[in-house]
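Q: Quick mapping for you: the protein sequence lines, in order, are chains P and W.
Read in order, the letters of the first sequence correspond to residues 1 to 109 in this note's numbering.
Read in order, the letters of the second sequence correspond to residues 1 to 119 in this note's numbering.
Some hints here could point you the wrong way.
[Stated by the list, open to error] Using 25 Å as the maximum straight-line C-alpha spacing, the simulated DMTMM-like pairs for lysine to aspartate or glutamate come out as follows: (1) W:26 / P:55; (2) P:69 / P:14; (3) W:13 / W:75; (4) W:26 / P:82; (5) P:52 / P:67; (6) P:3 / P:67; (7) W:26 / P:58; (8) P:69 / P:55; (9) W:26 / W:75.
Calculated directly from the structure, the hints in this document are not laboratory data.
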Amino acid sequence: DAKTTQPTSMDCAEGRAANLPCNHSTISGNEYVYWYRQIHSQGPQYIIHGLKNNETNEMASLIITEDRKSSTLILPHATLRDTAVYYCIAQTGANNLFFGTGTRLTVIP
Amino acid sequence: DAGVTQSPTHLIKTRGQQVTLRCSPKSGHDTVSWYQQALGQGPQFIFQYYEEEERQRGNFPDRFSGHQFPNYSSELNVNALLLGDSALYLCASSSLLAIFLAASGDTQYFGPGTRLTVL
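Bound conformation, chain P alone (with noise of 0.2 Å):
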């Protein structure tokens, strides 16, 4: 599984769009790229992933650089109850998934 490096902490106004940055140099061709976001001593809630394309939801887009070599999570008007660790995993799936540190985001009013 690739290693996945993200900023520590970040900070977004309230309404504002949340960009959160993700490397995964040593991407290879079959694994995708997967966010979860864990809100204080809940379960890991699954956000989006995505292989080559860039993906939409309900909650976020998911931008993959054309080199896959990094992707940006994009909350598109973040709220307080967006204030979470965020998880960027790069892995091909139907396997456990590596959980680094994450990044630590919080919405402020």
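Following the hints, position chain W against chain P.
A: Only chain W this time, still in chain P's reference frame:
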């Protein structure tokens, strides 16, 4: 449609005791994975069960064992508890059949966790 459920919510044990944690997967899912999350750390994979057999295992000692039942629910057992076993234990479910058919990558859905405190 119920999501992944876990019981109990909280548990307090003493060193040397044994504990059993339970998990019911999301409807339609056939695979259960267990994770341990120590305070301030990301979840760490313990093992995964499919068709009632351990399919994969992380770097955890044999004191950690599991079981999957015909209805896909699962148990995590920890023997000879140590203080360091205090953690949030998470269960995640997924569908391997869906993965093979759709080839769209695995999506694991997590339960709320069981908070184990070892004194």
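Q: Against this structure, judge whether each hint is valid.
A: Evaluated hints:
1. W:26 / P:55: With a Cα-Cα distance of about 24 Å, the restraint between residue 26 of chain W and residue 55 of chain P holds, given a limit of 25 Å.
2. P:69 / P:14: 29 Å, violated
3. W:13 / W:75: Holds, at about 17 Å.
4. W:26 / P:82: 24 Å, holds
5. P:52 / P:67: The given pair, whose Cα atoms are some 9 Å apart, holds under the 25 Å limit.
6. P:3 / P:67: With Cα atoms ~16 Å apart, residue 3 of chain P and residue 67 of chain P stay inside 25 Å; holds.
7. W:26 / P:58: 20 Å, holds
8. P:69 / P:55: 16 Å, holds
9. W:26 / W:75: 15 Å, holds
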